[in-house]
Each structure stands twice: as structure tokens, then as C-alpha cells.
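Peer 1: Spelled out from the first residue to the last, the chains are:
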Amino acid sequence: MRRRVHRWRGGVAAALALVSVGLLWGDPLVLAAVVVPLIYIVYGSLSRVPSDASLSVSRAVVDGEPTPGEPVRVELTVANTGPAALTDVRLIDGVPDELAVVDGAPRACVSLPAGESETVTYSVMAKRGSYTFGETAVRVRTLSASDEVTLELAADGDGSLTCANTVSEVPLTDATLPRAGTLPTDSGGDGIEFHSTRSYQHGDPVNRLDWRRYAKTGELTTIDYREEQAVRTVLVVDARAAARLTPEPGYPTGAELSAYAAERLFDALSAANVVVSVAAVGLADEDLPGGLGPDGLAWVDDTEDHTAARVAQLFDGVGAAAARSAVEMPDSEAPHQRTSALTTDGGVADDTLSAVLARLPATAQVAVFSPLTDDWASECVEALSQRGYPTTLVSPDIARRDTVGTSLFALDRTARLCRAELAGATAVDWELDTPIDVALRASFADLFSV
Amino acid sequence: MYETPIDESGLPATSRAIVVGLAALLSGLLLVSAGLGRLVPVVAVAGLALAGSLWLVGWERWTAVGRLLSSLLAVPTSVALLAVVGGAVGLAVRGGRPAPGVAATALVALGGVLAAFGVATAPWGVYDRDRALTYVGLVGRTMLPLVVAAFAAGIVGLSSGGDGARTPAGALLAPVVDPLFAPVPGRTHIGVFCLFLAVTTVAVERATMALPLTELLTETTDDTDTAGAVESVSRALGWGSVLAVFVGLLALGVETRGQSIVAGMLPAGFYDPAVGLTGAPALREFLWTVLVASVVVRLTVWLVQRAARSSADRLATVLAPYVGGSLLAGGLLAVAGPLLDAVLEAVQSAAPAPVAAGVTRLLTSLVGTYGAGPVLLAAGLVLFSVAGSVTGCLWLALVTRYLDERNPGVHVGAAGLFGASVFAATLGASQWLVLAGLVGAVVVWDAGTFGRTLRREVGAATETRRTELTHAGGTVAVGVVGAALTLGVLEVSRGTVAAAPGTGYATLLVALFAAVVLVFALR
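Those sequence lines, one after another, are chains X and H.
If you read the first sequence in the working numbering, its first letter stands for residue 1, the second for the next number, and so on.
If you read the second sequence in the working numbering, its first letter stands for residue 451, the second for the next number, and so on.
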């Protein structure tokens, strides 16, 4: 789009002012000086953006597969492919609305001689999901700035930023043993741990025969190992409004980070043939296709069809809820004070927690993912432990500790983690500058008794 | 979505340097070339003080302090503005310039002030509609205590009891002021006295009841019936005022029929005391002082009550101009005599003899009539009016859209430099300097508006120096060509074109046409 900017028209007034003063005071110099504003008018009128001006834009996302909360460098290169020099080229890259620019600026103003190029570098904060860059807005002005052409160019190269949608590395390699399950039982059968011996029966696997005993006595005996039963692992993501705090604008919220950690674990457990259910608390009907269950929970079982797709929808729902009401971490915790989810006699006073407990199978192991912005998650862990569920609490640390308020929040969070550990749960404190895989690997043995 | 904040105000560093450096250098040189070298610091102070006032009035970090300093800064700002104009005129007259030359000199000085103001406001965008309007309101509120003080102190002097009766204002106010402060001696003034007493009593009652007496006295005494006592006092004052009004109206009717009837109606031996009591000027002045003090107390309580409903910051912000005005009024009344002496001494030493003599005569006469305090308070009001009027004009220029609100400081600064160049040319300044001033004015305007657009479109975090320098270089190059062509035209036309000063109606028509075009261009 071409636009003429009549910025030199004030020269007419200046010229007339000079004529007036020159005549009133009878000064030839002032009269002759009319040439000065007039030549600027001519300058502005004749100035045109060259018709054969041509630009190309290319974009490179330097870190192709970042993790949420990690800055990603983007390089935008603009090249003057036309024959004429362009003295004033302004461009704004089409950064997706969801991504915050944390370093540099996706805007630039460059002067480009013919055939030359300039590269603009900036960084965005990665968020879970795939984000497509928009077209790059470019505005070319003449030297007099009286003529401008605005256009939108599709950049070559990387057009999107994908953040950990797929698991490139399964960190929990020990979990990939071909077993029926992970919960030890008192019955003999397949497994690892010795349970008992018995007389050979026709059809017993050859690898379970006690060949030493056969060599000594000549009798065939079969070794039974402690049979391990398949259990269901339930991943509970805390996506309540209180958990949707973000340490700074543009950074993923605590709920999103919790969902990310749960997604990583879900993928790993699925690869290890563990039966997994995923639940998210605090979502609204609009966050999930088909809405929530009758008990107000977003719950996906591994036994249903298209489990992976439905789990992905659930995690996307957490992202949608966080995008709807992300709140920057306040200096004081006051807005998030709430009543206890537990009663003094060990009962449950919170509807959400009651719904979770009602849905849990008897043999479930539970992993709760929460930024611990309030007591709900630690009380949830207490309730689970009281009912005999092996429980793990995974908590992303979103406290920056740069103000008194956030330092106090960090202290509260540490106290909640201790409370969960005292209740018998395994607490995983995920510091965001370390990969979640490392934190999960450290706790995996406790969680799945490997 | 969290958007990257774009700071749209102000200019990028390179444009800022071009605007400030070029305007300051060229306007300084033009002032010197116009024979106003001694005024350069005053011109700079006037422009910077005005810009500083606008900056302070929008200082968000310390709002109350900013408002207070801004209201106090109005005085030096106005003094500097008047000194610039007065000094330029004085220097031109002393230099023997004719009337057009005097006008041109004053316009060069004003152009310098505008350039200083423009370059001080443009880089940081402190000149905008809101600040200008806030400053005008601030000046108005600061003037209020001065008006009250001047009224309270000056009105007694305007009565026949003071010397102000001889002045036109005294003559105008005599029918109102004389019955109050200078009653005719030798007769009773029971009616006016009682009405005056009634008004004062009502004011005292309102002021007393506004004070938190009940709360304060209950905490310090064991008397539990404090509220009842206060109520009784209030009721007594109320009835007293009603009685005074009744007696006053009755007495007014009687006194108009003659003093003999009054003497006949009063008990024996009461007439003379009544004449002395109701006609005593000292008693009237006492009542007036009590009335003014009661009104001030009531106003103060009202302000505190109103402000106490908001935060401490808000309270301080609201009260700041009143505090500033009260400080100024108190200060002026306290040091009125020495200050006036110092002013007279300064005028006599700096101004030409006829001017000094005239000012001395005028000030002596005014002080003799009204007293030093009211004169200084009136001078303070005039100074505040100057600052308020100038800022009001700046606000009006924005409201009526004669100035582009996106960065009006640049336009004002460039226009000031342009005007200074043009009028310096009429005073015989160097051709090179005049042409440099004209081209410089265009470059200042161009760099300012270009930089502002650049900042708005690409933000403050982007490196733009190369583009800014390239653009400014192009403008300078075109200006150099224009200047060379001007000199060529001047050389070619030398001796062939003669423009006599004031070439009749044609000039006026062109000037009128230019004014119309200027208005439309600025719109």
C-alpha cells in the first residue's frame, strides 16, 4: 500500500511568512530566503519510493525444540533484492500473540544499499504447543519521508515454533522392561523377585526350571517369582485459577508447567506400557471439547479409545485456561488464601478433591502436579496418603525470589513441599533451570518401585 | 497476551541530540547577533523553567512534591518571561533602534524562548494537553491564597480610613467599604455594626462547629457533657446572630430617620457609648480579622475533611498548590518591605534612568496607598497570571489542533528558531547565520517529527541511529542547496529588486493571505 505523506506542506506557510516579513521590513535577504522552504517542498514532492524496490525476508528459529519457559532466539533477515538503495526500511515480525518477546525487539529500522541485508535478532519465551509466525510487516520510506509503501511479506525459513509436543527422549529407560505390571503381589508367577519353588508342571517355561537342582537331584522343579500386578497411575494436574500464576509476563503459568511435566511423564509411562489416567482440576467446560465430566473433573482413562488425542486435548485445555486468566505473581499471597480442603477429623471439605478421590481406583498410584500456590495440592497429597495411595507430588518452582512477596511465597511453597513429604509422599521440586526429565528420573524409582 | 510495551513519548537519542544541539546553538548565536547576548541565560531560564513546570506537574513519582514545586516555579518563570521581553525592548531602545527594530528584537527574544521551551520539552514529550491544562488549574489554585490574602489585607486600605480611598478602586468600592471600615464619626452605626457582628458571629459558629472539639475535649477532660456544652455554645452563637440581625435591621430603619430619634429611643447615657462603640474603626478591623480567620479555618477544615477521605498522596496532591500559594503569600507579607526596597534598588541600578524613575514613582505611590504587602501580593498575582496565560495559550494551541499533539514541543521549538532567524535577518544579522537558522529550523522540525514517528513504529529498544543520521543528512543537504540558491538569487537580484519597508496594501494583503495559509497549514 502506497501513501503520500504531506509533511512538507508547512513550507508553504513558511514561504508566505518570509514574504510577509520581507515586504514589511523591506529585507531582500528574507525575501530571497523563500527559496529555502520552497526547495524543501520540491524535495518532498519529487521523492518517490522506487517502483522496482524489492525486499525479501527470511526467519530462522535457532533452537527448534525448546522446553516451556526457555528463551528461543529468532533471527530475521531482511535483504534488499532491488537495484536501488532503500534508506528507511522498517519491519515488524509477526510474533504469535501467545509468545512474549523477552530479549531484543522483533522490530527494526535499517538502511539497505542494493544487494545488502540486515539481520534482526530477538528472543521469545517458549510455551507448550506449536505457534505460527505471522507475516512480517514492512514499511519503506523515502529519504524525505514523504512517500511510504507498506506491505506484508511472508518470511522464508522457519514459520513456526514448536515447543515439546512430542517426546524426543524418553528419560525413564528403566521403565521399559516387559512386565505385566509394577505392583508386587504375594502370588507367584512371572517377575523378578524370588517367591517359591514347586514341582514342574507340563507347559512351564523352560527359563523358569531350576537346572541346578535338576543337576543335583534329577528332579524337575519350577521357580516362581513374585508376580507383579498391573496398576493404574493417575496423573492429577492442578489447573485451578490459583495455580495460573506466572512469575513474569509472557512466562508459562504454574498450571502450564505442571501440565507440561505431566505430559512428559504420561508419554514416558505410556511407552513403558503403564496404564495411565490423566485428570485436571480447575478447568471450565469451555476449556475441553465435550466439556467436563458430571463431577466437574477433566478425566481421561487409558482404556478409552484415542487416549493420546484426548490426553492432548486435556493438556491443551490447561493451556487455554491459563491463557484465559493468567495472573502475574503478586507481591502478597493474600488473594489466594482459601479455606482448608480437609476437615479436622480427616474428612474432605473440598468438592474437587472429593471428586478426585471418588474416581481413583483402589490400586492406583497418584502423581499430583502443582505449583503449590496454595494449600490445595499438599492437602490433596495428605488425603491420598491417608487413604493408602502411593503418592508423588511434582511441583514446578515459579517463585523468583526477587521481591519480599515472592520470597515469602517461596517459603510457603517449601513448607508445603515439606508437609507433603511428612504425609508420606515423594516430593519432586522442579527447579525450572533444570530439565523436568532430570527431576522425574530422580524420583522414578520411588514412584514405580523399580 | 502480554505485549511488549512501546514507549511512544520522546525521541530516539540521535534525533534528540540533533534537535537539542542544533536549536540551542543556533538560537544562541541568533540572540547574540541581534545584540541580546546578555539575555541568553535569561532566555534559557525562561524556556527551561516553563518546560520544567510542565515536567513537574506530571511527575508521577512524587506527585505532591511535583505540584508544589511547579506552583512555586511559576514565579521565576513569569519573572524570566517578563525580563526577556522587557530586557529585549530595553536593549533595543538603548541601542537606538526604530520601532520596527524594537519589535523585531523582542520577537527574536521570544523566538529564543520558544526554541528553548521546545527543545526542553520535545525529547521527553512533557508538553501535552493534559499537563498544560493541569498546570493552568494548578496556577489558578495557587493564586487563591494570594487572592484571599490580598483581599483581606487590601480592602481595609481601600476604605476612607486608609489611603486607598483616593484611588479609582477606592472610589469604586467606597459605598461598600466605607460603612464597614470607615464609618462617619459623630453618629451611631448600630445597624451596620450589628449586621457585621451577625455575619462574624455566624462565621465563628460555623468555624467552631467544624472543628472536632467534641472528640478532642472528650479525650482530654473528664467532663462527659462536652458535646452538650459545645452544642450550647453553638446555639448561643446562633441566637446571638439572629438577635444581631433583628436589632441591626431595626436600627437601620431608625437611623435613616435621624440621629435625634435614635438618641431619643436609647436610654439616657447610652447614646455616646453607642456612637463610640459602633463607629470605632479598630473594632471593625477586629471583627473583620475574626471573620477572615473564621472563614480560613472553615475552609481548611473542609479541605482536610475532603482530602481525608482519600489517600495521603491524594491529600498532599490536592493541598500542594494551596500550600504553595499560602507559603508565597506569607513570605511576601513577611518580607514585603525589604523585598520592595531590593526590587527598587535593582531597577534603579539596571534600568535606564527614565524607566527607573518611572518605576520608582509608581511603586512608591502604590506602596503609600495600599501598603507593601498588598502591592507585592498583587504583583505575585500578575506573575502567576503571566505563567497561567502563557501555558493556557500552549494548551489552547493543542486543543484547537493548531499544534500536532504527537510532539508539539518540536513544532514550537522549530517555529521559535524560524522566527528568531527571520527577525534576526531584519536586524542585520549575518546572511550565513540567518540561512543556517532557517535550514536549522527545518532540520530541527524534521529530525523531531521523523524521530517521533520512528519511536512510535519501532519502539525504543531498536537501534535506529544510522537511519536517523541518513535522513537528517538528506535534509541538511537539501537545505545547503536551498541556502546556496538563496545567496545566488540575492546576488542576481542585487540592485534590480528593491523592497521598500512597508510597501503599502500589497504587503498587508500578502501578510493576510500568509496568515490564512498558516492557519490552514497548522490545522
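FYI, nobody ran anything at the bench for these hints, they're computed from the structure.
A quick note: this is a predicted structure, and the numbers were derived from the prediction, not measured.
Any given hint could turn out to be false.
[To be verified] DEER-style ranges, computed between Cβ atoms: (1) G938/H / M1/X: 37 to 47 Å; (2) R916/H / G290/X: 53 to 63 Å; (3) G424/X / V515/H: 16 to 26 Å; (4) G923/H / T81/X: 19 to 29 Å; (5) A463/H / M1/X: 50 to 60 Å; (6) Q755/H / T434/X: 33 to 43 Å; (7) D316/X / Q755/H: 51 to 61 Å; (8) R579/H / R48/X: 47 to 57 Å.
Beta carbons: idealized from backbone N, C-alpha and C, even for Gly.
Peer 1: All hints, please: hold or fail.
Peer 2: Hint-by-hint comparison with the structure:
Between G938/H and M1/X, the C-beta spacing of about 40 Å keeps the proposed range 37 to 47 Å intact. For R916/H and G290/X, the Cβ-Cβ distance of about 56 Å falls inside the hinted range of 53 to 63 Å, so the restraint holds. In this structure the supplied range 16 to 26 Å is violated for G424/X paired with V515/H, their Cβ-Cβ distance being about 58 Å. Distance hint check: the CB atoms of G923/H and T81/X are about 25 Å apart, consistent with the given range 19 to 29 Å.
Here the CB-CB span from A463/H to M1/X is close to 30 Å, at odds with the stated 50 to 60 Å. Between Q755/H and T434/X, the C-beta spacing of about 59 Å breaks the proposed range 33 to 43 Å. Checked against the given bound of 51 to 61 Å, the beta carbons of D316/X and Q755/H, roughly 56 Å apart, stay inside it. One distance hint, 47 to 57 Å for the beta-carbon pair R579/H and R48/X, is violated here, with the actual separation near 35 Å.
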